[in-house]
Amino acid sequence: MKDFSKYQGVIPAFYACYDKDGKVSPEAVRALARYLLEKGVKGLYVGGSSGECIYQSVEERKITLENVMAEVGGKMTIIAHVACNNTEDSRILAAHAESLGVDAIAAIPPIYFHLPPKAIAKYWNDISDAAPNTDFIIYNIPQLAGVALTVPLLKEMLKNPRVIGVKNSSMPVQDIQMFHDEGAVVFNGPDEQLLSGLAAGAIGGIGGTYAAMPELYLKVRELFLAGDMAKGREVQNECCRIIYKLCSAEGNMYAVIKEVIRLQGGPDVGGVRAPLLNLSEADHAVTVESAQMIADAIAKYC
155 MKDFSKYQGV IPAFYACYDK DGKVSPEAVR ALARYLLEKG VKGLYVGGSS
205 GECIYQSVEE RKITLENVMA EVGGKMTIIA HVACNNTEDS RILAAHAESL
255 GVDAIAAIPP IYFHLPPKAI AKYWNDISDA APNTDFIIYN IPQLAGVALT
305 VPLLKEMLKN PRVIGVKNSS MPVQDIQMFH DEGAVVFNGP DEQLLSGLAA
355 GAIGGIGGTY AAMPELYLKV RELFLAGDMA KGREVQNECC RIIYKLCSAE
405 GNMYAVIKEV IRLQGGPDVG GVRAPLLNLS EADHAVTVES AQMIADAIAK
455 YC
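In the working numbering, the protein residues as written are 155 to 456.
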């Protein structure tokens, strides 16, 4: 039986890292990877929504993954999201990720056209075939992809021995339970429900706000494993309050988070890429307040 222990725990979704000209910065990528390694998280999910993947070229995504692997490969579990909105580019990224020695690749379904399950399964299997020695994770995020993973489609995909499970970012916690009951490894996606996701059977979490406050999410998991659900709910609720604050700016949430990390003494990884909105002058107060809320919560709970 395959050992999935390397996937257990808290895995931040890695952010796009840009220089002052808005180009992907290898130096910033490495700095952020080192920073998160030192925070004690389990691994990194590279090239997903938080990595602004749909706004980057194949070559830019290769540069990011290459520098993550050069910096922390072998020291952390690395999952590379490789999906593009066409099969061939996705296969190129899948083969590239395998050549670098990532632990797993992941893919959303094709977006825009609403494809039937047979076409989605073929898309995922074609990507997986390009990385024949690498675990494959389905990324279920129906609110953005426009299509939801179903149990019948998951059963079909599990016929592929490389398909190990699902990064589940749908909001219903019951999806985690149903996918888990089919034998899939499931990662909780919505940061607001890490505790609930773990209770429903998730092996760990992959989240877009984890890098802003990894200490708090590590504490949620620690409390869950200790059976202290009351304190776990308290810390999870604090995470939710902070998430709502991070989302309250005019600029995109990831622009806020990147500035919060900088205010915390972490690396400067730039802003976000258009058409995502960067921070306005009015957003300064949100970033400062968010950073303070995180510091106060860490002081209280960690």
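Hints listed in this document are in silico derivations from the structure and should not be mistaken for laboratory results. Among the clues, some could well be false.
For lysine-lysine, the following PhoX-like pairs were computed, each having C-alpha atoms within a straight-line distance of at most 25 angstroms [unchecked claim]:
#, residue 1, residue 2
1, Lys-313, Lys-156
2, Lys-309, Lys-156
3, Lys-160, Lys-196
4, Lys-177, Lys-216
5, Lys-272, Lys-216
6, Lys-229, Lys-196
7, Lys-216, Lys-156
8, Lys-385, Lys-193
9, Lys-313, Lys-385
10, Lys-454, Lys-193
11, Lys-193, Lys-160
12, Lys-160, Lys-399
13, Lys-313, Lys-276
14, Lys-174, Lys-229
15, Lys-193, Lys-399
16, Lys-313, Lys-272
17, Lys-272, Lys-160
18, Lys-309, Lys-216
19, Lys-196, Lys-216
20, Lys-313, Lys-216
21, Lys-276, Lys-309
22, Lys-216, Lys-229
23, Lys-272, Lys-309
24, Lys-156, Lys-399
25, Lys-385, Lys-196
Quantities reported herein were computed from a predicted structural model and do not represent experimental measurements.
- Mind listing which of the numbered hints don't hold for this structure, in increasing order? Of the numbered hints, 5, 7, 9, 12, 14, 17, 18, 20, 24 do not hold.
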